[in-house]
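I would like the entire structure built from these sequences, with the hints used as guidance.
Okay, here's what each chain looks like letter by letter:
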Amino acid sequence: MTVDLLKVRAAAQLLRTLLPVPVKGQTSPPVNDGAAPDMEVVSGCVSLTVNKVLFFSGLVGNRNDLKAKAMEEKALEVYDVIRSIRDPEKPNTLEELDVVTEKCVEVQELGEDEFLIIIKFSPTVPHCSLATLIGLCLQVKLQRCLPFKHKLEIYISEGTHSTEEDINKQINDKERVAAAMENPNLREIVEQCVTEPDD
Amino acid sequence: MKETLSLVQKLSAHPDSRCWFVSWNPSGTLLASCGGDKAIRIWGREGDSWICKSVLQDGHQRTVRKVAWSPCGNYLASASFDATTCIWKKKNNDFESLTVLEGHENEVKCVAWAPSGNLLATCSRDKSVWVWEVDEDDEYECVTVINSHTQDVKHVVWHPTQELLASASYDNNICIYKEEDDDWECRATLTGHTSTVWSLSFDAKGQRLASCSDDRTVKIWMEGSESRQSDVSWKCVCTLSGFHGRTVYDVAWCPLTGALATACGDDGVRVFREDESADPQQPLFSLAAQVTKAHNQDVNCVSWNPKEPGLLASCSDDGEIAIWKFHEED
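Protein chains in written order, with this note's numbering: chain A, 1 to 199; chain B, 200 to 529.
Do not take every clue at face value.
Unchecked claim - Using C-beta positions, here's what the derived DEER-type ranges look like:
| id | chain 1 | residue 1 | chain 2 | residue 2 | range |
| --- | --- | --- | --- | --- | --- |
| 1 | A | Glu72 | B | Gly316 | 44 to 50 Å |
| 2 | B | Ser205 | A | Glu109 | 26 to 32 Å |
| 3 | A | Asp166 | B | Asp381 | 51 to 57 Å |
| 4 | B | Glu304 | A | Thr101 | 35 to 41 Å |
| 5 | B | Glu202 | A | Pro88 | 47 to 53 Å |
| 6 | A | Leu186 | B | Gln208 | 34 to 40 Å |
| 7 | A | Glu95 | B | Pro214 | 34 to 40 Å |
| 8 | B | Ala477 | A | Gln108 | 32 to 38 Å |
| 9 | B | Val299 | A | Glu106 | 44 to 50 Å |
| 10 | B | Ser226 | A | Leu97 | 56 to 62 Å |
| 11 | B | Gly405 | A | Gln192 | 48 to 54 Å |
Said to hold, decoys possible - In silico lysine-lysine, BS3-like type, Cα no more than 27 Å apart, as pairs:
| id | chain 1 | residue 1 | chain 2 | residue 2 |
| --- | --- | --- | --- | --- |
| 12 | A | Lys169 | B | Lys209 |
| 13 | B | Lys492 | A | Lys149 |
| 14 | B | Lys209 | A | Lys174 |
| 15 | A | Lys120 | A | Lys174 |
| 16 | A | Lys174 | B | Lys326 |
| 17 | A | Lys69 | A | Lys141 |
| 18 | B | Lys201 | B | Lys524 |
| 19 | B | Lys492 | A | Lys174 |
| 20 | A | Lys151 | B | Lys492 |
| 21 | B | Lys326 | B | Lys377 |
| 22 | B | Lys434 | B | Lys404 |
| 23 | A | Lys141 | A | Lys120 |
| 24 | A | Lys169 | B | Lys492 |
| 25 | A | Lys69 | A | Lys149 |
As the list claims (entries may be wrong) - Over the 10 Å line for every Cβ pair with chain B, so calculated as not near, a few chain A residues:
| id | residue |
| --- | --- |
| 26 | Tyr79 |
| 27 | Pro88 |
| 28 | Asn92 |
| 29 | Cys104 |
| 30 | Ile118 |
| 31 | Glu191 |
Calculated from the structure, these hints are not laboratory results. On a predicted model such as this, the values are computed, not experimentally measured, just so you know. Quick reminder that beta carbons are idealized off the backbone N, C-alpha and C, glycines included.
This is how it looks when you write it as structure tokens:
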């Protein structure tokens, strides 16, 4: 995102003459999120109010906006991994069956290069064991395929299942997941669902 | 005086696998670890560093979840997802499999040796807690099966001085068991945690019990004065919340210093100290030291060395063991 400093400064000058209340030069404290130097310079000479006006007029990007975009990109990266997982019962992918959608992935920053991924999937059938199985497939594929450091939370989207809480608790219990994956029959089913055709 | 947790050594204990648990032997000279690679490793000191002394393979068909040393230090018990508990006997510098305890319907989550040395407790996803008796001929016999939990039992621990057993479960509760007239029964159920209770630890004298949970808190429980022979009452006297970013998988009370260590799913290892000026009935704990990125992944276990004050071992999903020194720095 580029910022035309001259345009911004000119707009700021104009607004200062139009606004009845004197506008101070200092801003809200600079955010240490590694934003580009030109953004910091901008925030250094424009007040909070002016900043907001400029933002709405599309001249200046909001710092939070940048972050939100980065999270969206990460979410897409995650979605790319899960969309092709096959349903345990039907010959379709989870994407085709709307079990997962782009919107069902949320990514939050946990720290330096570490992200919290929250997935809310909608199982096609209310059958308990199938929902747990899909949850298991999501866990396994993401653990194996995500290139960046992450913590994972997988839930059934609210209102799609009668024993939601029970299923959510199981899917997010890593000891239970690990033990389940040591069961040869279960392991085989999961492998069939998560393995890409060209693997 | 500032307290710190400094790294002594990192060991690549269970490569390409998870390290689930670490346990020091009673003399503090050996550290046993176990993991997703189905093996148990014994670590010992050689000069200034810790090295692998032996690898116990082929004892189990699946993940080895926990290991426990007998009070005399000559035996090691291992609990596995293969539904068995293996008893190993120390022979020279190695261990050989003595016997395999079967009976649980599915994964054994924990094994613990009573301080007396002739009782063993195991617990499982089958919701039960088993108590085993061992005689002088190394013969093991199950004396009781207790079904007090409604879900997966994650951990069992013996009281340091009394013949009392505590268990932690996926059902969010803690059960306290006592024997009366040859009958082991649940004498008290401790409720309060809002999610799975992963681990338990008694303090040196057994007056307090620490528990940790998926609800991201650590709770301290004390035996109430209304406790009688068979009527046991414990209440929660302190809750540590806001310190852990994710599930707290393990808690360990140091028998030498009274410091409380925790293993967390946010990759951190933390040590808490009790406020000496606080009312013993309402203890206060403060964070004395922490390493927020102690490991690259979830920390599964913390264990204090029983002889060397401040020496702490931890292990992680990344397969590594870390040895720490908790000390005061000027």
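Please list, smallest to largest, the hint numbers that this structure does not respect. Checked against the structure, the hints that fail are numbers 1, 3, 12, while the rest are satisfied.
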